[in-house]
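Those protein sequence lines, which keep their order, are chains A and C. If you number the first sequence the way this note's numbering does, the last residue is 185 and the count never jumps. If you number the second sequence the way this note's numbering does, the last residue is 1286 and the count never jumps.
Rather than coming from a laboratory, the hints here were simulated on the basis of the structure. Be a bit skeptical, because a hint or two may be false.
[Unchecked claim] Computed list of lysine to aspartate or glutamate pairs in DMTMM-like fashion (alpha-carbon distance at most 25 Å, straight line): (1) A/2 - A/19; (2) A/153 - A/125; (3) C/1042 - A/125; (4) C/1005 - A/6; (5) A/2 - C/1136.
If you're wondering where the values come from, they're calculated on a predicted model, not measured in any experiment.
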Amino acid sequence: MKFPVEITVNGVKRRSEVEPRLLLVHYLRDVLEITGTHVGCETGICGACTVHLDDEAVKSCMVLAVQADGCSVTTVEGLASDGTLDDVQQGFWEEHGLQCGYCTPGLLMSAHDLLRKSPNPSAEEIRRAINGNLCRCTGYQTIVHSIQNAAQKMRAKKPAAAKQVQPAKLRTSKRKREQRRPATV
Amino acid sequence: MIPSKFDYYSPATLQEALSLLSEYGDDAKVLAGGQSLVSLLKLRLASPRCLVDLGSIGNLSYIHEDGADNLLIGAMTRYAEIAESKLIAEKCPLLRQTALVVGDVQVRNRGTLGGSLAHADPAGDMPAAILALKADLKATGPKRDRWIKSEDFFLGMYATALEANEILTEVRVPVLNDRQSAYLKAARRPSDFAMVGIAVCLKRAKNGTCEDVGLGVTGITDKPYRPQHVEAKLRGQKLDPAAIGAVAQSITEGIDVNGNIHASPEFRAHLAGVYLSRAIQAAIGS
Ligand SMILES: Cc1cc2nc3c(=O)[nH]c(=O)nc-3n(C[C@H](O)[C@H](O)[C@H](O)COP(=O)(O)OP(=O)(O)OC[C@H]3O[C@@H](n4cnc5c(N)ncnc54)[C@H](O)[C@@H]3O)c2cc1C
Ligand code: FES
Ligand code: FES
């Protein structure tokens, strides 16, 4: 039994038929073959699979692809434009925020979630914001520096916009679409 | 890790969701934020024949006042929304204090108030706050709604007073003036479940004594509970460290305290007393 889903991934509308039990992370990696998002624990602990779902960081191993129907997803591939790293990626590059890089795609997405809400976070705030992302290499110190570096870059570019804090919007409706019934019933 | 197969429905209305539950009975599971259920599916600790996703039902996510000194919160309201709501910060800071320490950002962006209560994890954070606030929970069934007191809602390990054909749709929290509150949680790491979590909502009289208090306790036994005997002992007391300390240890009186790799029963009972003292002091300082 497959379901049609329409998910906008990194700005591109993708239509697929998926089994309801398919996890979003497997949809991204195996169906769309967008493999920047990593799979670590598969149990919701490590955060390696973090992507943005409608602009908020979520663990894509904890979401079914059918739950993302009608939503937009941003993965690490959606950050750089024309081969130029974005500010958060550049911050990680400059401050050695990675060693093996396994945790990095997820950490970049969590860092973006934080910096959207809090443009000038303290080290303590950064540590709290990334507590859902495990890194076995760096000891986190350089990751905190990387995010501070990125925050500085982003503030320098957009001093006015950086002051805005966008609270989570109450979702009145996740998506507008006709209700779905299993094809076989 | 791949869940076993299931039928998936994403009904647009509550009525439709309820009729699916009636149709499938025990073979159906409601899907809210998925932050517990998707794990259970992957580990195949749950293999329902049918998932009823509440995500497309538009009117289950809201926070507003009812005009009779209550806050009404839709079951699908997410932790992140509770943590960032101005209305909650102003009228019921305990919910914000609690939502902010659940798991991590990613979990708070998806997990819902209704899901955390219906799941009834013995170490869940929100249940403790809901108990301390003496909130009521609205169960919507195929024929009618009924209100369940929070202290009657949690029945045991992952067990609640909800029937298989009912959906938790709303939480009603009394808004009481001049309350002070705190939620304190002892965990090995910040994103872990509580070894002990204590929610306090109290009102002090002009002379500083305790006029009224609500307590919620999680992480200790098979279900979150409200220690009414401790509330009774605290009422009328001066809230100085000695007076609080004198009653604090009775918080696990008559309770079968859990032990596991994180904490032995003795240590957990000790922590409960210490965290009750600290939570009351944090509330006074709030
Ligand atoms: C890494 C990680 C860390 C976590 N840390 C914490 C923590 O520190 N503290 C904590 O309290 N929790 C923690 N959680 C659990 C989290 O809070 C879950 O979000 C919550 O327990 C379930 O809410 P949900 O909306 O995701 O529900 P789901 O996972 O969708 O559902 C959970 C259960 O409740 C039922 N259900 C859901 N909504 C309803 C409803 N409206 N009516 C009837 N039944 C319903 C479902 O059928 C299912 O059985 C953590 C989870 C993860 C993955
Ligand atoms: S793979 Fe998703 S949290 Fe580890
Ligand atoms: S860089 Fe190796 S896990 Fe983080």
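Hints, one by one, checked against the model:
Between residue 2 of chain A and residue 19 of chain A the alpha-carbon distance is near 5 Å, which keeps this suggested pair within the 25 Å criterion. For the hint pairing residue 153 of chain A with residue 125 of chain A, the CA-to-CA distance comes to about 18 Å; that is within 25 Å, so the pair holds. Of the supplied pair hints, the one linking residue 1042 of chain C and residue 125 of chain A is violated, its CA atoms being roughly 32 Å apart against a limit of 25 Å. For the hint pairing residue 1005 of chain C with residue 6 of chain A, the CA-to-CA distance comes to about 21 Å; that is within 25 Å, so the pair holds.
For the hint pairing residue 2 of chain A with residue 1136 of chain C, the CA-to-CA distance comes to about 39 Å; that exceeds 25 Å, so the pair is violated.
This entry does not satisfy hints 3, 5, going by the numbered hints stated previously.
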